[in-house]
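Chemist: Residue-level listing of the chains:
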Amino acid sequence: MGKRIVTGATDIGNAARAMTFFSDGYPSAEALADAVSPRYQLAQDPLLTARHQWFDTFDWRLHRVGLSLELSVPEGRQQTQFLLRDLNGRVLQATPGGPRGSRRHGMAFELGELIADGPLKVRLAPLVEVRVLLQKASLSLGSRQYRVLDRRGKTIARLVIESPTDRVRNPGLPGSLTRLVPVRGYAGRAAELVPAITIQVGNAAPPGGWLHFALAASSLTQGDYSGQPKWQLTPEMPAPEAIQKVLSDLLECAVRNRPGVVADTDTEFLHDLRVAVRRARTALKLLSAGLAPDLVAQLQAELRWLSDQTAATRDLDCHLLALTPSPAPAADDDGTGHLRAFLRLRRNLAQKQLVRELQSDRWSNACNLWRAVVSAEGRVPRSGVDSPESLPTIAEVAPVHVRRAFRRARRLGRSVTPPSPAAELHALRRRCKELRYLLEFFASLAEPRPLRLVLNQLKALQDTLGAIQDTDVQIMALQAFAKEMEDAGGIPFSTFMTMGAAVTLLEVRQNEARAQFVGRFVAFSDRSTRDQMASLFETSPPHRLGLL
Amino acid sequence: MRIIATYNIKGGVGKTSAAVNLACLSASGGSRTLLWDLDPQGAASFLFRVRPKVRGGVKALVKGRTLAGRAIKGTDFDNLDLLPADFSYRNMDLELDSGKRPTRRLSGLLNPLTSEYDTIFVDCPPSVSLVSEGVLRAADTLLVPVVPATLSSRTLDQLTKFVATAKPPRPRLLAFFSMVDSRRRLHRDTIALLSASRSDIARTTIPAASLVEQMGPRRLPLLAFAPRSPAALAYQQLWIELQSFPSG
Chain Y
1 MGKRIVTGAT
11 DIGNAARAMT
21 FFSDGYPSAE
31 ALADAVSPRY
41 QLAQDPLLTA
51 RHQWFDTFDW
61 RLHRVGLSLE
71 LSVPEGRQQT
81 QFLLRDLNGR
91 VLQATPGGPR
101 GSRRHGMAFE
111 LGELIADGPL
121 KVRLAPLVEV
131 RVLLQKASLS
141 LGSRQYRVLD
151 RRGKTIARLV
161 IESPTDRVRN
171 PGLPGSLTRL
181 VPVRGYAGRA
191 AELVPAITIQ
201 VGNAAPPGGW
211 LHFALAASSL
221 TQGDYSGQPK
231 WQLTPEMPAP
241 EAIQKVLSDL
251 LECAVRNRPG
261 VVADTDTEFL
271 HDLRVAVRRA
281 RTALKLLSAG
291 LAPDLVAQLQ
301 AELRWLSDQT
311 AATRDLDCHL
321 LALTPSPAPA
331 ADDDGTGHLR
341 AFLRLRRNLA
351 QKQLVRELQS
361 DRWSNACNLW
371 RAVVSAEGRV
381 PRSGVDSPES
391 LPTIAEVAPV
401 HVRRAFRRAR
411 RLGRSVTPPS
421 PAAELHALRR
431 RCKELRYLLE
441 FFASLAEPRP
451 LRLVLNQLKA
461 LQDTLGAIQD
471 TDVQIMALQA
481 FAKEMEDAGG
491 IPFSTFMTMG
501 AAVTLLEVRQ
511 NEARAQFVGR
521 FVAFSDRSTR
531 DQMASLFETS
541 PPHRLGLL
Chain W
1001 MRIIATYNIK
1011 GGVGKTSAAV
1021 NLACLSASGG
1031 SRTLLWDLDP
1041 QGAASFLFRV
1051 RPKVRGGVKA
1061 LVKGRTLAGR
1071 AIKGTDFDNL
1081 DLLPADFSYR
1091 NMDLELDSGK
1101 RPTRRLSGLL
1111 NPLTSEYDTI
1121 FVDCPPSVSL
1131 VSEGVLRAAD
1141 TLLVPVVPAT
1151 LSSRTLDQLT
1161 KFVATAKPPR
1171 PRLLAFFSMV
1181 DSRRRLHRDT
1191 IALLSASRSD
1201 IARTTIPAAS
1211 LVEQMGPRRL
1221 PLLAFAPRSP
1231 AALAYQQLWI
1241 ELQSFPSG
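Chains as they are written, first to last, in my numbering: chain Y, 1 to 548; chain W, 1001 to 1248.
Rather than coming from a laboratory, the hints here were simulated on the basis of the structure.
You may find that some hints are simply not true.
As a list, the in silico EDC-like pairs of lysine to aspartate or glutamate whose alpha-carbon atoms are at most 20 Å apart [unchecked claim]:
id	chain 1	residue 1	chain 2	residue 2
1	Y	K285	Y	D249
2	Y	K459	Y	E357
3	Y	K121	W	E1116
4	W	K1161	W	D1200
5	Y	K433	Y	D249
6	Y	K121	W	D1078
7	Y	K459	Y	E484
8	Y	K154	Y	E192
9	Y	K154	W	D1078
10	W	K1010	W	D1200
11	W	K1053	Y	D150
12	Y	K433	Y	D315
To list a few chain Y residues with every Cβ distance to chain W over 10 Å, as calculated [to be verified]:
id	residue
13	E113
14	E302
15	S415
16	P418
C-beta atoms are modelled at their ideal positions from N, C-alpha and C, and glycine is treated no differently.
Chain W on its own, in the form it takes in the complex (with noise of 0.2 Å):
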């Protein structure tokens, strides 16, 4: 069983995207998936048609009085389940930190589902906070959306940073560049820079494309309704990529 949290400090980066889309291929290719969305915008419950609700909310889940696993909704794809978000979520920092180790918390909360399912995707929220630093403690690989753009070195450093400086077990942070434009320079070097310095950024690029827009309209993963896009076969190509990526 492999946890992976698409994460990154800024919003609006391809994280969901990036979690919708993996998840989607990761069920089609067998595994027993399941897509958490801890974001309390619930993107990803509004993309599979799912009710971002929770019942009891955020605190009658950390406190356990919700199970998880009663909580779970299947999508409209084999083998693909969504934990939904509810916008309670936004106060989850608040319910960790009133119980004992915060930090272990939602590794407890998916600990009764790691029989269930093969792999377990995390749809994080934009921020750095408790919430953050337990998903970090439960994923087995962050995967971070960067934006080729002039700060993304530094918000990279600072991700690397927190994430070696958070309380072990921690996940090994894999780095992958999104929305990418080809055709602007900034971004060609930004990638050519980064790429060449770090050795935790993915081969695979992700293309700004209107067609992982439609994603919202339309309601659907990008592999369900053009699977044969440049986008969507960097995804398959990014999801290669990410099997082969030893886990923390």
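So here's chain Y without its partners, still in its complex pose (with noise of 0.2 Å):
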């Protein structure tokens, strides 16, 4: 028996439990028949070698809520099979099938291109919604299952010992990994074998099991996603220097987001990338003071062409994922098939160009300068005298730029009204973005109680706000598209008619979105909201104002 390498808890009382152990080395099957003897005996399976494959979404939205999805491609003329596991290893569905043909960049399907319609993708669907499922990790296995049976000849538990086939190229990972199964009703049984199996098997796996080692071997971890930074800001941070790390990680933000654009896997790094631009823009837009005003200039001029070259895509994405699924453009039930098919081809021409665009040397060179500004050189030359403690905290510099944009918003949008043009309701769209973006950068020097009551109105604001411009913008597309494709010929009246309807709701939809308009901004601008945004900062003690 090899050397054992982590320790971890083993939770035997949980009925449901599978238990996970792992080991350097690999039990043999006396080894095995000596833990479960006398009381059982074991059955012995014929090994396997199978292909494990572990989807999940780009932020892991399976593993959130205690799943994982594997695909088992055995070799020979063993059936492929889909498993959905707890954390724990326990399969809680088992459903032959595979993919039905992989998608152009890589190993990343949509639900449907990657499970047959059935129970497991009912289950799945509500989980995954819009997003595809990305192949997280990859390993073969040879697998040899012992049946742990009763003296009626009846299985209580299944031993499954796995070990990688090839260690060589994998030399993180550990030998082997004896999972216990108990079968439903007989977890209490399952249980009295754990002293003797861990004696001869190894320690307690964490959870995830294979996927989580070898997730380690390539540095990752499950779960491992956030979409946009957390800033935990000090109140006696210079200001400049505040604002340099809100711009490092919204770089960082970019740089990260950018292999998934680049690879097409999912929709959602796009619109990580836009946000992370938008905010940098917001941040230099509204607190580079203290800032190489050349360098922010440069800068600001870069990340105005990084967002011009990343609209087309996201907006034909959005149009996209407004339609519902549908497996096929021939499948046009719903009318919708023709012009899923001309946005998807329109959408194909604008995604190479944004990937030329983010392979060019300009996309580079936005980097580089994206550094320079966050680096020393970023600072505006100060002469001598000045010394850190002569610069303005972060503490001070907050309040005055989030009560500013608090102004500027209540402002505005006092001078709008339900029937306004769209563009006005845009433009406090806007100045809304800039305030929650501020906000975001400053959390960790507000309060909470009142910082989560002004982002709740604020945030309701923003939602209704966002209906009305996306409801126009999407109708002014609907008619643009229609009029392309009338122009372009061949397409049934039927599709006409459905765009025609869905031009109806989306009209309905906005006309609801700016009745509710006023409720949204009273609610936002009322003395509540502005009481909670004066005690915002007001009550931060003086060393979390950096006056002391």
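With the hints in hand, could you dock these two chains into one complex?
Modeler: In structure tokens form, the structure reads like this:
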């Protein structure tokens, strides 16, 4: 028996849990038989070798609810199957089948492309929503199952021993992983075996089993995803330094999402990249005092360019996501097939152009410029008499900017009425976004309760403004698409009917949102919210204000 | 979630064989499947090597002192669990009758399990009773094995009437010929006659086969030891037909 590597907790009290042990070595059949005797016998199944692939969304939606989706592709004639497990390795659902053709860009699949209609798809659909499933890890494993039989010959548990087929290439993986899987209704009896098996086999493995080890071998962790940074600024930080920290995290976020955008695995990578750029533009616009103006101006120009380059693909993504999913353009049952095909064609062209830009020297130069702004070079050169203590702290600067942004939004909002042109509402939406970003940058400096209350009102207003503008954009886009499709010819009348119906529906939604606007704005700008805003930074103790 | 009950007034017509093999097929197709062995003889429990015992017996189950979910045992097959028989099920009528709304009680017992399973099979005892009425109320599909014989038509008529007179919601009835010996003229004629006169008979017939009888001594579903046999293939065909059959 090999050296045991890591220890972990083994919960043998939970009736539903599988128990997983791992070891550097490989347990022998005799050792296992000893562990279960004399009450039980082992029946050995044939050795199987299979390629295991684990899928989840880019933001680990399955992992977040304690699930893992595994595709097992055995060698030989055994059937490929999907295994939905809990994080303790218990199979919750096993469904035969495999991907029905891979997407053009690597191991990323829409749910319908990966899993056929049936109970598993029904179970996963509300979790996955519009996201694609990405292959998170892959391993080839040899697997042998022993059934633990009672004296009636009934299986009360299974001992499944898996080991990597090519450990030379995967030296970071354990030699074997042994899973004791109690059959439902026999967990108590299976738990009695744990001490003896622990002696023979090894120690408890971390949740996730092989997925955990496979990711760890690539320096990755399950569930390791955050759409946007969460800033922890300290009150006494000099303001320029704090803003550089914000910009630095946004640069890291943009760079982190770029490969996903280029690989085109999930539309959310582009969304996150765009949000990072938008936040950086807000930070540069409102908070650049103390940063080198020439560098800031150059970076602002480059970020504007980047926003422009990413806009077309993102707009088309939004149009496609707004359409109900359909397996193929040919399935034109709901009249959207031709529209979807039209949008996909345009989207593919826009994406190609976007990839070209993201692989260009200009992207690299923009990133270098961004790095320069967040480095020492990016600070305004100051005379020798200036010390860090003489610079304004972020605790002093943040309230000024947040309150100013709030006043601006309120002032602009007062001049807007439900029938106002979309452009005016859009301008208010932009002011609200700026306020939202500032609140997020400075969240660690604010009092949690007022911050939560202000954010609630702000989010509600943003939702309404978003609904008004999004429906407006969608209506205009559908009208423009209809014109283009008509000019191109060959589009059935039913498609135009469907698009017309969609425009009507969007107009109804927009009117609903417009009717909602006044109430939302009043709630956002009333005395209660103003009081919360006033107390946002007010009660900060002196040390948090950087005054001591 | 769909509940399929295998039922016939007569015994020995292939109810348990059908329930066990169809449940296996359902599970192997990826559906989370439960088989409730409602017959106190416990044949299905025997085939899956599960002790026919429910803690507290039928009384505790019906009164809710033992939750059905706690009594469930996993079988040796992925996705397939069993709610075992208990000899006290022979008194289920009495226990149901002693409570309020007796015909709704079985659905009530299954309700908490509906989120856990995609398909539930109920292997019923051969009788016309309060239990049967409860099953009719709980099931979406009543799957009736019929041995092609002179009295088959009469039995089916009785059953149809029984279902029609039950309180709604009522299941859709689907009969199929079981233990068919195609060498026997009586079987061929009966199948032809009944299939022509009724719309609720499956196209698939299950042949009489010694392999089906082998399920007992082997204590395994047919699909586990003879998946390519004609009878196993017939069950597969019946499962396909059943999946497209509308629920009640």
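Chemist: Hint by hint, say whether it matches the structure.
Modeler: So, going through the hints one by one against the coordinates:
1. Y:K285 x Y:D249: holds (17 Å)
2. Y:K459 x Y:E357: violated (33 Å)
3. Y:K121 x W:E1116: holds (15 Å)
4. W:K1161 x W:D1200: Answer holds: K1161 of chain W to D1200 of chain W is near 13 Å, not above 20 Å.
5. Y:K433 x Y:D249: Distance of about 19 Å is within 20 Å: holds.
6. Y:K121 x W:D1078: holds (18 Å)
7. Y:K459 x Y:E484: violated (36 Å)
8. Y:K154 x Y:E192: Holds - the C-alpha atoms of E192 of chain Y and K154 of chain Y are around 17 Å apart, at most 20 Å.
9. Y:K154 x W:D1078: holds (14 Å)
10. W:K1010 x W:D1200: Since the Cα atoms of K1010 of chain W and D1200 of chain W sit roughly 18 Å apart, the hinted pair holds (cutoff 20 Å).
11. W:K1053 x Y:D150: Cα-Cα ~16 Å, so holds.
12. Y:K433 x Y:D315: Distance of about 18 Å is within 20 Å: holds.
13. E113: Check passes; 17 Å lies beyond 10 Å.
14. E302: holds (51 Å)
15. S415: holds (52 Å)
16. P418: holds (44 Å)
Checked against the numbered hints given earlier, the structure breaks hints 2, 7 and satisfies all the rest.
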